[in-house]
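Protein chains in written order, with this note's numbering: chain A, 1 to 347; chain B, 348 to 584; chain C, 585 to 885.
It is worth saying that the hints were derived from the structure and are not from the lab.
Treat the hints loosely; a few may be bogus.
Straight line, CA to CA, 27 Å or less: simulated DSS-like cross-link-like pairs of lysine-lysine [to be verified]: (1) C/Lys710 to A/Lys306; (2) B/Lys412 to B/Lys468; (3) B/Lys527 to B/Lys468; (4) A/Lys148 to A/Lys82; (5) B/Lys365 to B/Lys412; (6) A/Lys148 to C/Lys710.
Reference excerpt, derived from the structure (chain A facing chain C, CB under 10 Å, subset only) [stated by the list, open to error]: (7) Leu134; (8) Asn303; (9) Gln307.
The model shown is predicted, which means the values in this text are computed figures rather than measured ones.
Beta carbons are placed, not taken as given, at the ideal position from N, Cα and C, and that holds for glycine.
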Amino acid sequence: MRRWAAPTLQGLVLAAAVVLIVVLPRFTSEFRLGQFTFVGIYFIALLGLNILTGYNGQISLGHAAFMAIGGYTAAILILGQKGFELAGHDPSHIIPEHGMRPLFTIPIAGLVAGVIGYLFGLPALRLAAVSLALATLAVAVSFPALAKRFEHLTGGGGGLSLPLPQAPFGWDISTPHWLYYEAWVTAAILFVVAWLLVRGRVGRAWRAIRDGEIAAVSSGVSPAVYKTLAFGISAAYAGVAGALFAIQVSYINPDTFPVTLSILLLASVVIGGLSSLSGVIVGALVLEFLPIYAQEPPVLHLNFAKQAGPVVFGVVLMVIVLLVPGGMASLIRRITRPVTAALARRT
Amino acid sequence: MSTLLELRGVEARYGPIKALHGVSLTVAEGEIVALLGANGAGKTTTLRAVSGTVRHTGEIVFEGKQIARSKPDAVARAGVAHVPEGRGLFAELSVWENLRMGAYVRGERRTLRQEAPRVFKYFPWLERRRDQQAGTLSGGEQQMLALARALVGRPRLLMLDEPSLGLAPTVVQEIFRIVKELNADDGLTVLVVEQNANVALAAAARAYVLEVGQVAIEGESAELRRHEGVRKSYLGY
Amino acid sequence: MALPLAVVWSQVAQQVTSGLAAGAIYASLALALVLIYQTTNVVNFAQGEMATFTTFIAWTIMNHGVPYWPAFALTLLIAFGGGVTVERVLIRPVEHRPELVIVILTIGMLIAINGLTGWIWGPGVKAFDSPFPNRSVIVGGVAISIQDIGTFCICLGTVLVLWLFFRFTTLGLAMRSVAFNPDASRLMGVRVGWMLALGWGFAAALGAVAGMMAAPTVFLDPDMMLVLLIYAFAAAVLGGIDSPVGAVVGGLLLGVVINLLGSYVDFVGQELRLPTALAVLLLVLVIRPTGLFGRVVVRRV
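For reference, chain A alone in the conformation it holds in the complex (with noise of 0.2 Å):
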């Protein structure tokens, strides 16, 4: 009976956070749903991130850029070379003449960020830990250069604006509760493959070589397959927030998806907690809303400079690397563990 106690305990709280996803939009406000839909695409995009970092052991500082690669790819093909025109851009020969709707964007910008990172994911195989973390936080710093270098793609420094999105099949509800509900429905869709992905062969060759990678080619495990895989998988998680993100605010520059995300984003998954899908939804809501609490902390009525936001942000890291090593995630669980403990002397 013990065996079956946390499972069934992980299962109501993931029923409860299904139930508190839907009901949500009845009773907030549409600015406050539009920071839940943030919370939504950040979630996707710490998903991916914990794939490769947790899961994998390699880390990026650059998956900003793989949003920006999403968002792009998503703009572009909304806008099509009409919509460039009509914007008085000079529209590049590889864009398709005629727009697409938002939501068939979504999952071709993780296709073609999933590719990007898959061909990245080939030179960053030689790479050990730190010069990865190095490649990929120069990825993100050169992103905006190269963003504006290439006009006829990306508008250059003035960016893409994209029409107001609308709730599509004649639906009757409001653009945020749309974009709200696109957000939740994809990350639930991304967070059950990434569950499936983790859980299964898949997952247990990716932990072996994060745990060492010379016991798992010597126990037949290709390193070469399943950290390109990984790269890949988890370019392409950060590719649809990215795409979700730019259909959201309906606009994108070369500085939409700045180094700061691609650095806040790692930050996000070591909060939230190293290979732990639980942990990556506080994490979603740490990036979201640590920075607004820490410029105005609620209660206290104070109003504090917008950098007080990355200042508590670097502190929290520090402290959890310090003193939680597991994350958030481990703390939960360190607080539930007597309860599920209780449960299961109940059955």
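Let chain A serve as the given structure and place chains B and C on it in line with the hints.
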């Protein structure tokens, strides 16, 4: 002869594995003492406990002062030179720089000026090859450099861990000859761990035999040579 | 025909000299990274932010009417103290944890220090004085800016002083011995913990030099070092992350190459200098992971 080093009931462990089960021994000033025993008997661990490089309990008194649980650098500054297993040379640094590090405990420059000539008397080749990278020396030369480096700091106690390991018999003879000479000339106190009991007993005045982390037999070298158990297990005749 | 060629030659020479000045800045920051990597085996992602922070301190000191060079010296002292403190307080507790953990800790420092700089001094761009006159001297038909010469001399001068320190002083030798073999150093009576802290102190001071030399041209703002840090990383990796000589050579090489590519290859231009540096970085990492001067480390099972 006054006691220089005394261990009383020293215990040590590596994680869950206990390596020393209460070792007690003494080393008097001006004495060469050998620590014998089979692989894993706790010889190396005993030296490491003294130099503070392994967690331990019990009492370790050096020159009347308690040094148990001191940090390795403090033990070194107190006058204990430990030439560890594998010699602990700085392979990337030159011979001369290694000697400079040996003098570090007592203030490098002045010590080196005084001590280098004395040490070069025993190892004349070191002076000629002072700019060579230590890692490029042969095994025997490295062992001698490690010995020379320890001597440059003018230690009160020299602890050698398996100086014969992996060296040709003639080189081993040479090293022990120098150790004996140093002992005779300057009254250097030496605690030497050896698996090669023949060589060690020839040089040492007294010896302890460790078995599974405890002192099993102790006595004068001559006495131990006649001891049947020692002869059978460690001397091989 | 001779005239245009001469003009081109002097232009190239000019680009090379200004590349050397920029490269000297990369070299100092790269050396700071290598210094920390050698002693504590940590790649310090906060190196650039620490440098920015101290450069802002220098700016404040100068704003209080202190002349340039005393302010410069005072800043170095403050940076040194800061570096030592960071090592003792933040790095020491995670010393024996996996590399990933330490990297993430320095990323936390990066975020916090960057935010703190912006919080204290505001997000705007500030002008930072240069100690050198804004003139050029003509050497063999090549106009070289005095600021470039000054920057080059200060950066490489600092590097030289450090080299002499490591080579000839007892403390420098002890620090090197700790980098090579901390356990053996302990047996020699070296207080290893303090040597590591000193390593961080020197690295922070070097970073401060790089920051103060870079600030007059890139202007002082909280994010100024991020790009520079990438160049420094690229330089360190180019030279071999465990080789001080490599860091310096790598920095100078990178400065010159990037400057020439930016000026003479249209595709690269001004905007793509950084991606080009990235490409160099990746190429070196893939072809020769140990860098030009690095030691080959044999991985054990």
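| field | Hint check, failures only | value | Numbers 2, 8 - these are the hints that the structure violates, sorted from lowest upward.
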